[in-house]
Amino acid sequence: MTPASARVLNLLTESGALRTGHFQLSSGLHSDRYCQCASLFEQPRMGEEVARLMAALLPAELAPDVVLAPALGGILWGYELARALGVRSIFAERPTGAVGERAAFALRRGFALHAGERVLLAEDVVTTGGSVGELAPLVRGAGAEIVGFAAIVDRSGGRFRPDRPFFSLVELSFTTWEPDRCPLCARGEPVIKPGSRPEPGTR
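Under this note's numbering, the first residue of the sequence shown carries the number 777, and numbering increases by one thereafter.
I should point out that these hints are in silico values taken from the structure, not numbers from a laboratory. Any given hint could turn out to be false.
If you anchor each label on the Cβ, the simulated ranges turn out as follows [said to hold, decoys possible]:
1) Thr796 with Glu921: 36 to 46 Å
2) Ala836 with Asp956: 42 to 52 Å
3) Glu869 with Thr904: 13 to 23 Å
4) Gly804 with Gly909: 13 to 23 Å
5) Arg878 with Gly917: 12 to 22 Å
The C-beta atom is built at its ideal place from N, Cα and C for all residues, glycine as well.
Could you put the whole structure together from the sequences, leaning on the hints where they help?
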């Protein structure tokens, strides 16, 4: 483990971002551990430090013009990382659609990407890479270029393999179970749904 990784792991622990219990992840799987990076950003000094550690990790030739993050979890991370890099920060969000629909990410609030811009995609925790990967059409549709992906925590176990460089500060591996095979459910322990993603069928 690098000194930067050790420091970030310490900050995640100190802030209470690393939690133990009985959780339903956004994937639907259950786990006895969860990483809620929002807790890290409750302390601005911690968020700033983590962003500076990532900025130091990124090679100079990456040279992004803008950091783009998915709402909701990536917003604070994208902002702090852009601040550390001295570039623009924007985020994409899902417009409210019909009940049960999963709308595609869109740029709103006057945000825009421009042809030729170099875009760094940022997400606080990458598990499958689904959310951050969904941003790619926005970038390419604007004629901009994805130069890489940056995450605080990589929980993908090597499953997230984008076609551009992927940088993370910490790799974590949590045991997960299908709900019908979850030993915590079998013991009757109540499940917590801590993520920011809306439940299917809600608005």
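Here is what the structure says about each hint:
Hint check: Thr796 to Glu921, Cβ distance near 41 Å, so the stated range 36 to 46 Å holds. A C-beta distance of roughly 49 Å is found between Ala836 and Asp956, which places it inside the suggested range of 42 to 52 Å. Taken as a hint, the range 13 to 23 Å holds for the pair Glu869 and Thr904, whose Cβ atoms sit roughly 19 Å apart. Checked against the given bound of 13 to 23 Å, the beta carbons of Gly804 and Gly909, roughly 18 Å apart, stay inside it.
For Arg878 and Gly917, the Cβ-Cβ distance of about 19 Å falls inside the hinted range of 12 to 22 Å, so the restraint holds.
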